[in-house]
Amino acid sequence: MNTVSPYILLSAILFSMGVIGFLTRRNAIMIFMSVELMLNSANLAFVAFAHQWGQLDGQMFVFFVMAVAAAEVAVGLALIVTVFRSKKSANVDDLHQLKG
Amino acid sequence: MLVVVLGSLPLLAGQNLVGFANMTALDGYALFLDGLFAIVAIVIVLLTLRYNQDRGIMRGEFYPLLMFSAGGMMLMGHAVNLLIVFVAIELLSIPLYILCGLARPRVDSEESAMKYFLLGAFASGFLVYGIALIYGATGTTQLSEIARKISAKEVPETLLLYAGAALVLVGLSFKVGAAPFHMWTPDVYEGAPTTVTAFMATATKAAGFAALLRVFLFGLAPLASTWQPIIAGLAALTMIVGNLVALSQTNLKRMLAYSSIAHAGYLLMGVASGNAAGTTGVLFYLVSYAFTTLAAFAAMTSLNTAAGEDQSIEAYAGLFRRNPLVALVLGLAMLSLTGVPPTAGFVGKYFLFQAAIESNLVWLAIIGVLTSVVSAYFYLRIIVTMFMREPVAEPQPLSTANLGRSVALAITVIGTLVFGILPAPLLQLVNTAVTAFGVTMH
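Just so you know, the protein sequences line up as chains A and B, in that order.
The numbers in the numbering used here rise by one with no breaks, and the one at position 15 of the first sequence is 15.
The numbers in the numbering used here rise by one with no breaks, and the one at position 223 of the second sequence is 1223.
No lab work stands behind these hints, which were simulated from the structure alone.
Hints are not guaranteed to be accurate.
Said to hold, decoys possible - If you only want the chain B side, here are some residues facing chain A, beta carbon under 7 Å, derived:
| hint | residue |
| --- | --- |
| 1 | Leu-1065 |
| 2 | Glu-1090 |
| 3 | Gly-1101 |
| 4 | Val-1107 |
| 5 | Glu-1110 |
| 6 | Glu-1111 |
| 7 | Ala-1113 |
| 8 | Phe-1117 |
| 9 | Leu-1118 |
| 10 | Ala-1121 |
| 11 | Gly-1125 |
| 12 | Val-1128 |
| 13 | Ala-1132 |
| 14 | Tyr-1135 |
| 15 | Gly-1136 |
Unchecked claim - Using C-beta positions, here's what the derived DEER-type ranges look like:
| hint | chain 1 | residue 1 | chain 2 | residue 2 | range |
| --- | --- | --- | --- | --- | --- |
| 16 | B | Val-1369 | A | Ser-16 | 51 to 59 Å |
| 17 | A | Gly-54 | B | Ser-1151 | 22 to 30 Å |
| 18 | A | Arg-85 | B | Ala-1152 | 53 to 61 Å |
| 19 | A | Met-60 | B | Glu-1061 | 25 to 33 Å |
| 20 | A | Asn-27 | B | Gln-1053 | 36 to 44 Å |
Built from N, CA and C at the ideal position, the CB exists for glycine as well.
Extracted from the complex, chain B is given alone in its bound form (with noise of 0.2 Å):
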């Protein structure tokens, strides 16, 4: 099914049209994110396939929980209302909640469900609230009717105004795991079950960035000059924890949650660039970061036997070894997470610094380069371990190769060699996505 629905999105592309009471849009940018969705979510069931019978958690709901929660970010990319937004963060959400206690009658797997759970509720409850604030200080929850209202000075740019968007922020950030919102980040990435994780990563990264250009770069876009400052400060304190935090790690998933911590600081900086550039910076280092991070944990996976889950750093001592296939996998997305040339993550955070300089915020592009040092640190570590340090003694037995597994590595490491060395065909339809999607300020 996913399938299909990639194979007709160059159908509709080109396409500028708005539907249900003009609540949903199909332009460029939402055809983009469709796109992104569809191949993470491919990826993950290739994955899954071999992964939960690995683990013994053969339960038939994943797939159209994935499916629920995949259409969700989907909505996410179209909403150009916000009450599209509320829903659609609600549809993609409330499936991941299930999906992070599937592992169930494991502790780790029903305790990072219920945590989820209660923040991803709360941060909600500042969403929607924040929503409700905004639609009272402008009587529209329609974002280009909004941006036209504010702009035109046909309402006053109040308290409430700028306190429901402080709290659309809060709300958003909560889910994006940006600090000081991150804190369920490592416990909820480390008990639900490795696909799981790995679709939380990339994907509902993907659909809040999606939701938090689409309304602060366009329905909010008049008052720049207010959360411009804000969300630089966010982005600068998220690269900041996510990237020393991780120093201290001796658990890969928990090292790998702390590093999508550090990479929404690096995709902040592109929303607070707040220009055209800006926006194709974040778009491609979505691209870039799924693919990078899906390969971690697609080569994590391999790791993973009824036995248990070994997610300790130590159990890939001399990995290289033992399955030099996988430990060159997971090799490729440490250096492509480090920025490393010539993989998409170097393109990526070349384009989101760029755009921070351009908007003159050279002190967050310095903070961005700085963190990225200290992220050598503890990436090119998994690489020393894997490469050049002998196995544990008794180490714990690989899952054997399988088909659907070897497809998702191979897309994840085409994807993410293949956009680090010819960028210029994503740049072009990342280009296309921005066109549509009309960043009008600056």
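Chain A with its partners taken away, still in its complex shape (with noise of 0.2 Å):
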């Protein structure tokens, strides 16, 4: 085992748990919070990644993936709270106004 494995081993957890909260958890922010874990999960392995082959263009990676992730809280948010004020919820399930 490498100096770099374990640090994938633990991104690969991260991402898994990223996974498995979307698709359990029923309360959007949680649901976006999971999301949250999977894009650093990916950030972590970036750096581990970027160590391993000596280089900075995975750490450069990271700045790019935090950029883009606070934009899309910004936008996220915004989206859950309008929901929450005419729904009163932020339970997915509530969301079942479109099906066919």
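Take the two lone chains and join them into the complex the hints point to.
This is the structure:
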């Protein structure tokens, strides 16, 4: 086992927790946090791989991911607040107007 | 501004440049897609001018958001680095999340935005983790370097690489709405304002396929023997699910959503072919599908008034008596979606099936033809409803004619018919694009 393997393992565990959280949680905020966990596990993997390859590319990628995630948070929370105002609930099971 | 972009494209034709630390390329392929996105966005703006007025959602932010999103799509066509693919996909998606919710406080619009946002973010999670694994396996995010290193056997073809490619495929499949990652499509399409739906169904799909082609036929081309059967399987599943579920729909917008899933299946067939003919087919089909779908949605917007938006197929009964022109456009769009000559849809499908047969995916082409036959049922049903049935007792008033929509209808109808009758000029453009793209395999 080389020096970066534990980090990759940890990031894989975090990513899986994010996916499981997304699929099982019913509160929009918790679902959103699970997505953030997935993105951040990818960041961890990038840093670890950048160390392994002795490059800065991976670390640069992390900054892009963080910036994009921040933009996503801004839009996402605004949407959740809008839905909460009209539905008085952030539970995704209450979003059932559209089906067929 | 979009017209300026479109006008400036011929000036750049024939160039082959790279910029931003070799992360973006300016080649025929990118320019071709830029042109497509610019035309789609122009048509959407023409439609929206009146649609938003009819629906009482005159919000100025629509236009800049549309521009940001179109900019992201264009960036996607130019991307030759996985970093840019990721940034472009977010740049095109984030404004779309807001656009879907533009009709707030209507609950269906908010719900559509929320669902699109959560699933879109989920898909980006997969995409970015997949990119991380590919970076880990190859030590680069530059697509040309990835291709070189894999084919020169500089890096081992490890599980890491395969897992990364699979996650990237999952992320992009979400974006193009391919089964089994299509669940969000009908809900989001139904709830979003119709012009936004039209934009998502055409331009977003084209951007997703632009990325799929670049990543899989260029960057991961050396792994073709592995991904080809997987994408072929996805294509078959997508065609079957999309067409079969569309059969039972009673809401026209939902039916068009399932139809867009089915068409993603046909396009995936072109990607699975993995040869130059497949790339040509995908690019040609993206154009013909964009014009056809825009024609359908443009016709739909004429049934919207401030009173509401009746999307049920029933509302279209006897439309021919009430507004023959709109009924004819919608009918033409349905024929083109089915793939009846002499429409663009027929020529596009022909190229895709031909590409699949060329790369020995005959079974896939057979599924494609069979599902096209199935699709004729629900497309022609719309035509029958419009032309042969009596209007319902108290039909919803139609939106009055206006210049913007008339021009949009004209553009889409001309596109659908001209590329169907005279495909040669477009085919030549596509071939230039494919040559620049440099499909190396097969």
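Discussion item. The hint names Leu-1118 of chain B as touching chain A; please verify it with the least Cβ-Cβ distance against 7 Å.
Written reply: holds (6 Å)
Item to complete: Hold the hint about Phe-1117 of chain B up to the distance rule: shortest CB distance to chain A must be less than 7 Å.
Response: Hint on Phe-1117 of chain B: holds, closest Cβ of chain A at ~5 Å, below 7 Å.
Item to complete: Double-check Val-1107 of chain B for me: the hint is only fine if its C-beta lies closer than 7 Å to a C-beta in chain A.
Response: holds (5 Å)
Item to complete: Closer than 7 Å between Cβ atoms is the bar; does Gly-1125 of chain B clear it against chain A? Give me holds or violated.
Response: This interface hint holds because 3 Å falls under the 7 Å limit.
Worksheet item: Given Val-1128 of chain B was flagged as interface, is its beta-carbon under 7 Å from a beta-carbon of chain A?
Response: holds (4 Å)
Fill in: When the least beta-carbon distance from Leu-1065 of chain B to chain A is tested against 7 Å, hint result
violated (10 Å)
Fill in: Restraint satisfaction for Ala-1132 of chain B [CB to CB of chain A, less than 7 Å]
Cβ of Ala-1132 of chain B sits 4 Å from chain A, so the hint holds.
Worksheet item: Hey, does the Glu-1110 of chain B contact hint survive, CB to chain A under 7 Å?
Response: holds (5 Å)
Worksheet item: With a cut-off of 7 Å, does the beta carbon of Glu-1090 of chain B approach a beta carbon of chain A closely enough for the hint to hold?
Response: Nearest chain A Cβ about 5 Å off; hint holds.
Fill in: Cut-off 7 Å, beta-carbon criterion: hint that Ala-1113 of chain B touches chain A
holds (5 Å)
Worksheet item: Hey, does the Glu-1111 of chain B contact hint survive, CB to chain A under 7 Å?
Response: Because about 5 Å separates Glu-1111 of chain B from the closest Cβ in chain A, which is inside the 7 Å limit, the hint holds.
Discussion item. Quick check on a hinted range of 22 to 30 Å for Gly-54 of chain A and Ser-1151 of chain B, using CB atoms only.
Written reply: holds (23 Å)
Consistency note: the structure conflicts with the earlier hints numbered 1 and 16.
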